[in-house]
Amino acid sequence: MSVAGALARLVAWRLAFLVPLLLVVTAGMFALAKASPFDPVRQYLGERALVTSQEIQDQIRANWGLDRPLAEQYLTWLGGLLTGDLGESRSFHRPVAEVIGERLGWTMLVAGAAVVLMLAMGLVLGTIAAYRRGTWVDRLITGVAYANEAAPVFWIGLIAIWIFSVTLGWLPAGGLTDAGSAVVSPGEVARHMILPVGVLAVSQSSWLVLFVRESVIATLREDFVIGARARGLRERTVLVRHALRSALLPFLTLFGARIPELVTGAILVESVFSWPGVAGTAVRAALAVDFPLLAALTLLATVAVVAGNLIADAAYVIADPRVRVLGVS
Amino acid sequence: MTTGAAAALGHAVTAQAARLRVAGLTVRFHLPGATVHAVTEAAFEVEQGRCLALIGESGCGKSVMAHTLLGLLPGNATVTGSAWLEQPGRPPLDLIAAPERVLAREVRGRRIGLIPQSPAAHLTPVRTARAQLTEALRELGGRYTADELAERAGLRPHELDRYPHQLSGGMAQRVANAIALAGDPWLVIADEPTTGLDRPLVDATMAELRRLCDDGHAVLLITHDLRAAEQVADDVAVMYAGRIVEIAPAADFFRAPRHPYAAGLLDALPTRAFTPIPGQPPELTRLAGGCAFRPRCARADDACAVRPQITPDTPVACHHPLERHA
Amino acid sequence: MRPETTTPMETAAPDLIHTSAAAGRSGRRSVRIAAATLALLGLAVIVVPLVARVDERLVDLGSALLPPSPAHPFGTDEMGRDVLLRSVYGLRVSLLVGLVAAAVSVVIGGLVGVIAGAAGGIVDRLLMRVVDGVNSLPHLLLGIFIVALFAPSVWAVIISVGVTHWTTAARIVRSEVLSLRGRPYIDAAINGGSSRMRIIRRHFVPALIPHLGLAAVLMVPHAIWHETALSFLGLGLPPHLASLGNMINDGQRSLLTGAWWPSVFPGLFILIPTLAVAVLAQYWRDRTSPRWRSELNL
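Residue numbers (UniProt numbering), protein chains in the order written: chain P, 1 to 329; chain C, 1 to 326; chain E, 1 to 298.
Misleading hints may appear alongside valid ones.
Said to hold, decoys possible - Derived DEER-like restraints, expressed as beta-carbon distance ranges:
(1) E:Ala64 with P:Arg221: 56 to 64 Å
(2) P:Arg191 with E:Pro67: 24 to 32 Å
(3) C:Ala207 with P:Glu214: 52 to 60 Å
(4) C:Val102 with E:Ala39: 48 to 56 Å
(5) C:Gly169 with P:Arg221: 21 to 29 Å
(6) P:Arg284 with E:Arg181: 30 to 38 Å
(7) P:Ala4 with E:Met128: 27 to 35 Å
(8) P:Arg221 with E:Ser63: 56 to 64 Å
These are computed hints drawn from the structure, not numbers from a lab. In this text, a Cβ means the ideal position worked out from N, Cα and C, and glycines have one as well.
Build the full structure now, drawing on both the sequences and the hints.
Here's what the structure looks like:
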């Protein structure tokens, strides 16, 4: 089977999984919302609910379609989804699509940079730990990786702020730009990005370091590594072009499985650093019981996870010639 | 033991030829709770233009020989003895004492080439055969191109573009042959090159190795396949329980072996008497004193409680060797 | 003899002595340290509230934000409360919530696992797809969603953990049920005329309890982590229940003025038990069958 054929099969299979998943998840969301004891109208009005007349409240209720049966509400929402209308955010007082559109880019920026940094760090540290197995370097790297995995990401973020912002004063403590800055300049954004990206990358990298280490250790024992050494190739060639290329293959699918953690990390990092991304809006939406925004975010996250898995598996098919024959389910 | 081995083989020590002189080679593996005596006091010589067949059953210790000579043993192995690599115009090099850096940069692939056991498993699965062959040529500074080497090994060029898992047993063997010659080494170690091959392929591979010898290379053939060894060997060394028990020119050996074990091995062949040797070879972790073959030997007596040695006069480790008539 | 210096490539090659003896020694030592740490913390959580002479909730603005000192080993927070004392109480709260939440997720997961394993066929496949689906969703987001709809409270947090973390227990139980189904004594019970319910009650349940127990213990750090994250975001436990997450959230403000101790120390109280459980879990994983290792892929 050719690469293209295997890829096509993979994509088709994943899409077939994605659509029912999205339907079930979104239907579940609506059902949960219906079971919620909160009255969205009262939530929206807040204190003003006490002084707002019942008619106006009913008017708002009708506007939002909350008096219609659950199934109808759901289908209306789905219909809106297909035309690009995700409803109006009750906490931002703007269309949900607008809120997301504005902020998605910032999240992608931080998440993308964090992924790149995490890959680099994980690869380098894991390989060093494997290559120098049993030495203090290995024990240090492994120990820190375990401790890092156990530490909450927001806690690490706060420590980073304390060290780099409060104590050393090198980097800003949060936000996209400096306070009082009217224009968004790339230089400022870059400076403000360093801590969020660093913290997100570090918090996500433990599993990668440990995995790379274990995989490289196992691969260095394989016959083909001995074969490469026996040919008289340089150590560096054996390590990079033979051992690593084989050891890192499973990483691709594992990475796909870690994307939900990445989303979680993004939510927390954006909260700690007041980064104007889309993940941080989840908290504000939750506090205001802003269902349309929450629903859209959940949808977005699910699509991101499945898409991420798909890309990871596709990369695996391209990278490992043995898999094309067996196929990927 | 060196001149002794040469004398035992009946040819003069030629000063100008390259040779590998192994003496007192002992390899131990330390496991939790046991020590494996893989090789004990092995001594032999391989000279340029000749093929030495190192013969023995599985579990006799010959399989670690290739890795020992190239310094590829795991960390729990201890090696004593010497393996002198002598080439005219270069200082002699003891492979056992040489540091990893010297082995990696000067010896492996360049002076000694290895055709490994299970060749497909010794190729990196995610790269094509061609990529690995070209890489070896590039790093070792080989004279030939990948296609030339492939042809010499009997491969068609498009077969090189396959991945290791797509190669048949015979093709993988030929790829391994080609890669082993990439750096034009004078000594080629062939580690069980006939496993999993059918008879015609075995014959072809042996003809290959014979050609290498005739071209001026030296071949150390490690095998349990006596029929194959007969086709290519100039000299034969037989291993049992980690020790070399007989060493002789091939013609003499295959006509009239002197050690009872060697005779038994030949008798076990389907083309000869087809009678296997009774019993099992001993475990390399539990070796008793005296002659290791004693429990299975029809000629054994009390004298065999003392371990026999190979000496310059008798190239057979036996108190009661069979006679060889001229 | 080979010279003593070895290159990394050589040490990287299999070395049976080093892996079995030395690694075993240091592995066992870290397990002992981890177990001792957990025991110590558990003891503190139980004993300190009983013997404390100071009410941890007592506000004393005059002593606000004192750095660590012999009187206050972890300093005081912005309300003048001793951070060490509050951290122990916070750990207790987080631990209690975590235990209940872990129990809930194990019960849900156990039920699903038993049904999937016992029913087999299309029911099994469907439930496993559901498991895959739930695992595809970011847990925290789902948790936020649930908490948003049901008001931040202890039970909302517990439900939120339960709904997102049941899959591990489901997988463990399902695989155990599948293996039990094939055992001869089950066949004997069926042939002897026992009803399905009776078999489940008398045979399956006792065999499953140790696995469920283990799953629950392993779930606790995740549950604590989840609750802490929600509390930090202001969506978790109510402020009067000082969980570690709440404390870190409160500590944010003081951090910007340089007072790091109200945020850092509570975090340590999350890190240390989680790390200790992870070490023990790793040790357990290495000692049990490969089947476990794939199931307990935490």
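Each hint, compared with the structure:
Distance hint check: the CB atoms of alanine 64 of chain E and arginine 221 of chain P are about 58 Å apart, consistent with the given range 56 to 64 Å. At roughly 30 Å, the beta carbons of arginine 191 of chain P and proline 67 of chain E sit within the given window of 24 to 32 Å. Evaluation of the 52 to 60 Å hint for alanine 207 of chain C and glutamate 214 of chain P yields a failure: the beta carbon distance comes to about 45 Å. At about 54 Å, the CB distance of valine 102 of chain C to alanine 39 of chain E agrees with the hint of 48 to 56 Å.
The hinted window of 21 to 29 Å between glycine 169 of chain C and arginine 221 of chain P holds, with their beta carbons roughly 23 Å apart. Between arginine 284 of chain P and arginine 181 of chain E the Cβ separation comes to about 49 Å, which falls outside the hinted range of 30 to 38 Å. Separation of alanine 4 of chain P from methionine 128 of chain E is about 30 Å and conforms to the stated range, judged on CB atoms against 27 to 35 Å. In this structure, arginine 221 of chain P and serine 63 of chain E meet the distance hint of 56 to 64 Å, their C-beta atoms being roughly 59 Å apart.
Figure legend: structure checked against the earlier numbered hints; hints not met, in rising order: 3, 6.
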